[in-house]
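Sequence lines, in order, name chains U and E.
For what it's worth, the numbering used here labels the leading residue of the first sequence as 385, then goes sequentially.
For what it's worth, the numbering used here labels the leading residue of the second sequence as 78, then goes sequentially.
None of these hints come from the bench; they were simulated from the model.
Note that the structure is a prediction, hence the values are computed from the model and not measured.
Mixed in with the good hints, there may be bad ones.
On the chain U side, residues computed to face chain E include the following (Cβ under 8 Å) [said to hold, decoys possible]: (1) Asp441; (2) Pro483; (3) Cys522; (4) Asn558; (5) Glu583; (6) Lys585; (7) Lys604.
Keeping only pairs whose Cα atoms sit at most 30 Å apart, straight-line, the calculated BS3-like set for lysine-lysine is [as the list claims (entries may be wrong)]: (8) Lys358/E x Lys541/U; (9) Lys107/E x Lys471/U; (10) Lys597/U x Lys545/U; (11) Lys172/E x Lys358/E; (12) Lys604/U x Lys471/U; (13) Lys585/U x Lys292/E; (14) Lys541/U x Lys107/E.
Which bits of chain U does chain E cover? Going by a derived footprint, with three or more residues having C-beta under 8 Å, they are [said to hold, decoys possible]: (15) 466 to 478; (16) 487 to 497.
In this text, a Cβ means the ideal position worked out from N, Cα and C, and glycines have one as well.
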Amino acid sequence: MKKELLIKEKQAKRTNPLAHVFDDFIDFCQSKSLFMLHYCTGCGAIELPPAMTSRFDMERLGIQPMVTPRQADILLVTGYVSVKTLKRVILTYEQMQAPKYVIGICSCTVNGGMYWQSYATAKKLNDYMPVDVYIAGCMPRPEAVLEGLQRLKENIKNDRKQQKGSAWKEYFANYDTYLGNQQHLFGDDWQTPVDIIAEAKLYGLEGEGTYGKNTEKLAKVQQPLLPQEMKL
Amino acid sequence: MNGLHILSELLLMPLIAFVVGLMMVLMMRKISARIQRRIGPPFFQPIYDIVKLYGKDTQISHGLIHDIGIIMAVGGYIGAEILLPVPGMEGIADKGGIITLSYFLMIPSLGMALGVGQCANPNGSIGISRALTSMLAYDVPFIIVVFGAAWHYQSTSLVGMIEYQQMNSWGIVEMPFLATAGLFALQGMLGKQPFEIYIAPAEIATGPMVEMSGKYMGGLFVMQTFQLYTAGVLYASLFLGGGESWLSLLPKAFLVVAIPMSIAFMFPRYKTEDVIRILWKWPVMLALIGLAFIL
Numbered sequence: 385m386k387k388e389l390l391i392k393e394k395q396a397k398r399t400n401p402l403a404h405v406f407d408d409f410i411d412f413c414q415s416k417s418l419f420m421l422h423y424c425t426g427c428g429a430i431e432l433p434p435a436m437t438s439r440f441d442m443e444r445l446g447i448q449p450m451v452t453p454r455q456a457d458i459l460l461v462t463g464y465v466s467v468k469t470l471k472r473v474i475l476t477y478e479q480m481q482a483p484k485y486v487i488g489i490c491s492c493t494v495n496g497g498m499y500w501q502s503y504a505t506a507k508k509l510n511d512y513m514p515v516d517v518y519i520a521g522c523m524p525r526p527e528a529v530l531e532g533l534q535r536l537k538e539n540i541k542n543d544r545k546q547q548k549g550s551a552w553k554e555y556f557a558n559y560d561t562y563l564g565n566q567q568h569l570f571g572d573d574w575q576t577p578v579d580i581i582a583e584a585k586l587y588g589l590e591g592e593g594t595y596g597k598n599t600e601k602l603a604k605v606q607q608p609l610l611p612q613e614m615k616l
Numbered sequence: 078m079n080g081l082h083i084l085s086e087l088l089l090m091p092l093i094a095f096v097v098g099l100m101m102v103l104m105m106r107k108i109s110a111r112i113q114r115r116i117g118p119p120f121f122q123p124i125y126d127i128v129k130l131y132g133k134d135t136q137i138s139h140g141l142i143h144d145i146g147i148i149m150a151v152g153g154y155i156g157a158e159i160l161l162p163v164p165g166m167e168g169i170a171d172k173g174g175i176i177t178l179s180y181f182l183m184i185p186s187l188g189m190a191l192g193v194g195q196c197a198n199p200n201g202s203i204g205i206s207r208a209l210t211s212m213l214a215y216d217v218p219f220i221i222v223v224f225g226a227a228w229h230y231q232s233t234s235l236v237g238m239i240e241y242q243q244m245n246s247w248g249i250v251e252m253p254f255l256a257t258a259g260l261f262a263l264q265g266m267l268g269k270q271p272f273e274i275y276i277a278p279a280e281i282a283t284g285p286m287v288e289m290s291g292k293y294m295g296g297l298f299v300m301q302t303f304q305l306y307t308a309g310v311l312y313a314s315l316f317l318g319g320g321e322s323w324l325s326l327l328p329k330a331f332l333v334v335a336i337p338m339s340i341a342f343m344f345p346r347y348k349t350e351d352v353i354r355i356l357w358k359w360p361v362m363l364a365l366i367g368l369a370f371i372l
């Protein structure tokens, strides 16, 4: 534990006088170039094609669609998230490489929307993963989608000054809370292929809430990840 | 020519290739945007993309071979750049010649195959097997074209070929069939529709790139800039008379790269076996007819 804290302090201390110039440049580039993975869970997905194609043209803002979570920066969740879908959304989110951002489109991701009384729907996306920007509406028009993306770009650019665009750090720092909510829905034997705690240790992203009673529960049931058996 | 002079050329040639390649990437994205009646990305977008990918906070590696594969993919093209003579700089082009260059152009695909193999993603494996299959398909007309050009100019050195064309007339005038076959092969080499089998975003999730994140993806973006530059300048030196100066070389290279992108959106995507069939039939036939004329 001590050793890891030392690593963390080392990372925080920047001796190079030009370090902040590079940091600002990378922040600027990150805000200008966003690869987007759209997880089309509901009706909001229908507003994305006009936002991408000739009418509103997302590419002029530096945003373009990508097809795998490894390459993507933004995860767009466009609509209601059922319990079964939520598992996949979490798997996808955890495979993305930081800095990663989540945008919840439609009222359904904000508070369940018209599925408020449904037993099979997760109500608040924010309980299961840190959401950067919500775009409310049923459904939001492409103008609203672009407005939300512009807001996200502003947040990323001012990240180091205002600590707005780094919601992804929350997932590592408060993993216990998020894991607890996930276990509440999926049962106590819930486990994902990505070892978030090990990742938090490696990159020095641990916080007060990384460990807790829920992660202890996970450690009991966690199976080591083995390569899948090859068979035809 | 002293050692320092050659050393500076070896550094400068890949650097120029990178900058020109960035502009070619921008041009291709602008062309596709204009064809779809969009505005397209801003001027510095290719740089933003690469800096962002290298600046990712977490990077996932699948092992040593994954890292080496990417280095091979970029390094193969850097090796190709110093064998490609440009105005004012020859590098080691007179030592290598076009046969060495053709070998260098295969290294990136093999490097990607190594790297993707360790990712163990089924989409990646399908993608790379398709990439190598399509390499097999476009390399047959490409090698016939290279052989024909070398026979016609009576030289395997690109420097000699450019000199010949500048004294007499351009290769495209003297060997129209071979030049057309070369354009065909170029479409396959750049992986544009209808030969886009190994990228296929909606089908196998960008194939070889499926597990690439952060700096690995950045490496592939850098590789793409070199790939476009190499294709454009090589075709211009073989058939369009190279260039006396950068002002005459660059428009030719940009034009050559613009052709595949401009016609790409007219086609759907072929199946793998259809790609082999069409590339082994039409461009090979054209190239053989062209060969018959000059032999």
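Verification of the supplied hints:
no.	hint	verdict
1	Asp441	4 Å, holds
2	Pro483	6 Å, holds
3	Cys522	28 Å, violated
4	Asn558	17 Å, violated
5	Glu583	7 Å, holds
6	Lys585	12 Å, violated
7	Lys604	27 Å, violated
8	Lys358/E x Lys541/U	53 Å, violated
9	Lys107/E x Lys471/U	38 Å, violated
10	Lys597/U x Lys545/U	33 Å, violated
11	Lys172/E x Lys358/E	34 Å, violated
12	Lys604/U x Lys471/U	20 Å, holds
13	Lys585/U x Lys292/E	21 Å, holds
14	Lys541/U x Lys107/E	25 Å, holds
15	466 to 478	violated (count 0)
16	487 to 497	violated (count 0)
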